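Q: From first to last, the protein sequence lines are chains A and B. When we follow our numbering, the leftmost residue of the first sequence carries the number 1, and every step to the right adds one. When we follow our numbering, the leftmost residue of the second sequence carries the number 1, and every step to the right adds one.
Worth flagging that the hints you see were computed from the coordinates, not collected in a lab. As the structure is a prediction and not an experimental result, all values here were calculated from the model. Some hints here could point you the wrong way.
[As the list claims (entries may be wrong)] Simulated crosslink set (SDA-like; lysine to any residue; CA at most 20 Å straight-line):
#, chain 1, residue 1, chain 2, residue 2
1, A, Lys74, B, Pro87
2, A, Lys74, B, Ile240
3, A, Lys74, B, Glu91
4, A, Lys74, A, Leu22
5, A, Lys74, B, Ala237
6, A, Lys74, B, Ala159
7, A, Lys74, A, Gln3
8, A, Lys74, B, Ile238
9, A, Lys74, A, Arg28
10, A, Lys74, B, Gln62
11, A, Lys74, B, Val151
12, A, Lys74, A, Asn24
13, A, Lys74, B, Arg107
14, A, Lys74, B, Thr34
15, A, Lys74, B, Pro132
16, A, Lys74, A, Ala62
17, A, Lys74, B, Arg86
18, A, Lys74, A, Pro26
19, A, Lys74, A, Val63
20, A, Lys74, B, Ala83
21, A, Lys74, B, Arg90
22, A, Lys74, B, Gly80
23, A, Lys74, A, Leu64
24, A, Lys74, B, Leu68
25, A, Lys74, B, Arg89
26, A, Lys74, B, Ser199
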Amino acid sequence: MSQAVVAASLTFVLLMGTAVALSNAPERQAVTLSVLGLGLTVLFLALQAPDVALSQLGVGSAVLPLMVMLAVRKVRSIR
Amino acid sequence: MTRRARFSLFLAGASCFAVLLVLAVLGLPGFGTTRHQYRDHAVAAAIGHGTANVVSAVNFDQRGIDTLGEESILLGSVVGAAALLRPARREQDHAPAGGGSVLEATRLAGYVVLAVTLLLGIDLIAHGHLTPGGGFQGGVVLATGLHLLYVAGRYPALARLRPLASFEVGEGLGAAAFAGLGVAGMAVAGSFLANVLPSGSFGDLLSAGSVPLLNVAVGVEVACGTVILLAKFLEQAITITGP
């Protein structure tokens with residue numbers, strides 16, 4: 001069971017990572033990055049590392065995409 | 001360097017790296033096996049100091065100096081980002097116009113989740129030595145939770161309830177407390193960050209010696225640092241207009 005969850009979340013992370021790299025606009029990249037962060041959280045949880053999963057959830061899915069979105073908004077307002 | 005030469009240089013480096021990576025991965029112990037030398041030593045050392053969450057024991061007791069380095073990196077990054085994001089000479093900081101209206105349901109949900117999130121953050125820090133979590137995770141939860149005020153209300157509400165000057169003091173105090181506990185360990189036991197406090201009984205709230213104190217120090221520093229970081233980004237995106 002847990003092997004299946006690990007395999008599924010690893011595959012999801014692989015696909016989402018590619019999606020992040022292929023997103024062409026930074027604001028879309030922030031959203032795909034956030035989803036990738038959620039996938040990594042599930043992966044870390046399946047690998048029995050809840051401490052790392054919590055850090056990943058806070059930083060990778062919330063703070064980092066928010067900073068990217070705010071930076072994009074600022075750059076747009078200058079142009 | 002021509003495009004072709006650059007590409008062949010990249011190919012040479014990448015193929016060497018690929019060979020070494022494959023060799024290294026083949027030398028790893030199998031995935032999910034039960035043989036873990038480091039785990040055996042780390043768990044024994046954690047139980048020796050009465051720390052139920054072995055990850056916290058590794059982070060704050062056995063490899064405390066690594067965590068001090070990480071916290072210093074965070075402190076430096078926040079200071080650097082704040083310096084870069086300060087208003088430039090030709091930019092003006094002005095109070096934002098009232099802003100859009102927020103649905104009553106959104107506002108209610110925001111305030112309810114805000115209270116739950118702040119409680120969760122404090123819980124993560126306070127029980128970091130017992131259950132998964134700790135100063136870093138709790139600090140990030142506290143800082144992001146505070147920004148639900150921005151989702152639930154308006155930017156001025158967040159700006160009023162977030163006196164940045166005291167957060168700056170808090171960030172410095174958190175970092176200084178971590179280093180201070182390290183120096184205290186050196187003064188008492190002769191080694192930096194030595195866990196000199198009594199370990200208490202395994203699984204109690206007051207156990208694990210200095211680990212919960214270091215968790216609180218890191219929690220304060222991370223929460224304050226992340227709030228300052230997000231505040232500087234929000235200022236630049238919302239209130240500061242430039243030429």
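Q: A separate judgement is required for each hint: does it hold in the structure or not?
A: Going down the list of hints, with the structure as the test:
no. : hint                 : result
1   : A:Lys74 <-> B:Pro87  : 12 Å, holds
2   : A:Lys74 <-> B:Ile240 : 9 Å, holds
3   : A:Lys74 <-> B:Glu91  : 12 Å, holds
4   : A:Lys74 <-> A:Leu22  : 23 Å, violated
5   : A:Lys74 <-> B:Ala237 : 5 Å, holds
6   : A:Lys74 <-> B:Ala159 : 18 Å, holds
7   : A:Lys74 <-> A:Gln3   : 44 Å, violated
8   : A:Lys74 <-> B:Ile238 : 8 Å, holds
9   : A:Lys74 <-> A:Arg28  : 16 Å, holds
10  : A:Lys74 <-> B:Gln62  : 43 Å, violated
11  : A:Lys74 <-> B:Val151 : 18 Å, holds
12  : A:Lys74 <-> A:Asn24  : 18 Å, holds
13  : A:Lys74 <-> B:Arg107 : 25 Å, violated
14  : A:Lys74 <-> B:Thr34  : 50 Å, violated
15  : A:Lys74 <-> B:Pro132 : 37 Å, violated
16  : A:Lys74 <-> A:Ala62  : 19 Å, holds
17  : A:Lys74 <-> B:Arg86  : 13 Å, holds
18  : A:Lys74 <-> A:Pro26  : 12 Å, holds
19  : A:Lys74 <-> A:Val63  : 17 Å, holds
20  : A:Lys74 <-> B:Ala83  : 16 Å, holds
21  : A:Lys74 <-> B:Arg90  : 15 Å, holds
22  : A:Lys74 <-> B:Gly80  : 18 Å, holds
23  : A:Lys74 <-> A:Leu64  : 16 Å, holds
24  : A:Lys74 <-> B:Leu68  : 33 Å, violated
25  : A:Lys74 <-> B:Arg89  : 17 Å, holds
26  : A:Lys74 <-> B:Ser199 : 50 Å, violated
Of the numbered hints stated above, those contradicted by the structure are hints 4, 7, 10, 13, 14, 15, 24 and 26, listed in ascending order.
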